[in-house]
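Protein chains: 2
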Amino acid sequence: MDKLRKHIEEITPVSDIEFEYIRTFFTVKKVRKHQFLIQAGDKVSCEYWIANGAFRAFYVDDSGKEHILQFALENSWLSDYNALFHETESNVNVVCMEQAEVLCLSLFAREKLAAELHKMERFFRVKVTTGYTAQQHRIISLLSQNPKQRYEEFENRHPEIIRKIPKKYIAEYLGISRETLSRLYPANRRE
Amino acid sequence: MDKLRKHIEEITPVSDIEFEYIRTFFTVKKVRKHQFLIQAGDKVSCEYWIANGAFRAFYVDDSGKEHILQFALENSWLSDYNALFHETESNVNVVCMEQAEVLCLSLFAREKLAAELHKMERFFRVKVTTGYTAQQHRIISLLSQNPKQRYEEFENRHPEIIRKIPKKYIAEYLGISRETLSRLYPANRRE
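Protein sequences appear in the order of chains A and B. In this text, residue positions in the first sequence follow the working numbering: the first is -13, and each later residue adds one. In this text, residue positions in the second sequence follow the working numbering: the first is -13, and each later residue adds one.
Bound conformation, chain A alone (with noise of 0.2 Å):
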């Protein structure tokens, strides 16, 4: 909990006993390898906080073909928002890809701390700011630049991901087909 305490300051101070009540909203869960933490058709109750391991969330279309939507690790915020503040059944499925131990916040406890503390409401909207800004930036990416660039801005945007996780899902997240990607980067590379 020490680090979600430090990840919190990063936006906002909190004081110990504004923290000893924060951390009353979370649960932790364990997840291993391969494990789901969502699964398309469930109700999303959680917003999930990664301590650390590594996740990806994906949406499989009806031709069955997987689209990779977020790569999270440590210090990342990871749920199916859409699903999640709706209330609807979520269309995407979050695995686990790197053994993982997670903080889980419900909406009712979500909205309770952001209601009860303002100053976790501000972290809260400054969280999604981001999250909103990288969203735009990557639809930029998408509309506007070629598989090459992509993965060149990708790869310094990102180098701990780049490191962490395998590329073919890397190649996936940024819509370039493997052989694509093998063809720029055929040599010494993570495969």
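I should point out that these hints are in silico values taken from the structure, not numbers from a laboratory. Keep in mind that this is a model prediction, so the values were computed, not measured. None of the hints are false.
Same chains, same names: a pair is fine if it fits in one copy or spans any two.
As a list, the in silico DSSO-like pairs of lysine-lysine whose alpha-carbon atoms are at most 30 Å apart: (1) K51 to K134; (2) K(-11) to K15; (3) K(-11) to K19; (4) K29 to K98; (5) K(-11) to K29; (6) K29 to K19; (7) K15 to K(-8); (8) K(-11) to K16; (9) K29 to K15.
Based on these hints, arrange chain B on the given structure of chain A.
Relative to chain A, chain B alone:
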């Protein structure tokens, strides 16, 4: 300004005294058709709330091709959030498509308002969360749907945009070539 109050109260009630205070943070700006609200390379100092009129936000890639990020009709919020929050130069353009009146809220005013009134912090959190889930939906659509599916779904979700915005811009937003769109929808539709 009454419309703004109604818009805020869709998320949170505000008292007369609170709204009198909130309104002081906004300045009114009239914008003519074809006029730019933001130009690539500008410093972005404001978020805009569209009281009436229509705008499109677009990115121009290195080859000069335009990629549409957003349409904004009345009651929408609009800015280059990446440039606004990081206080960097914009890489998008926002142009007026139909004579408009907008309310400008500077980043400083926005942060002050959110810090002073917890309910406005909540308002902005809810708004950006809605934008975030809409963008997630768009990313899934760009990655997994064919042009016909993208157009049909957009038509169902945004009938007001279909009515107001020329079809060529909608095609551009959806990443559909004009030729493909004309093939899919040859008859009696607005060009």
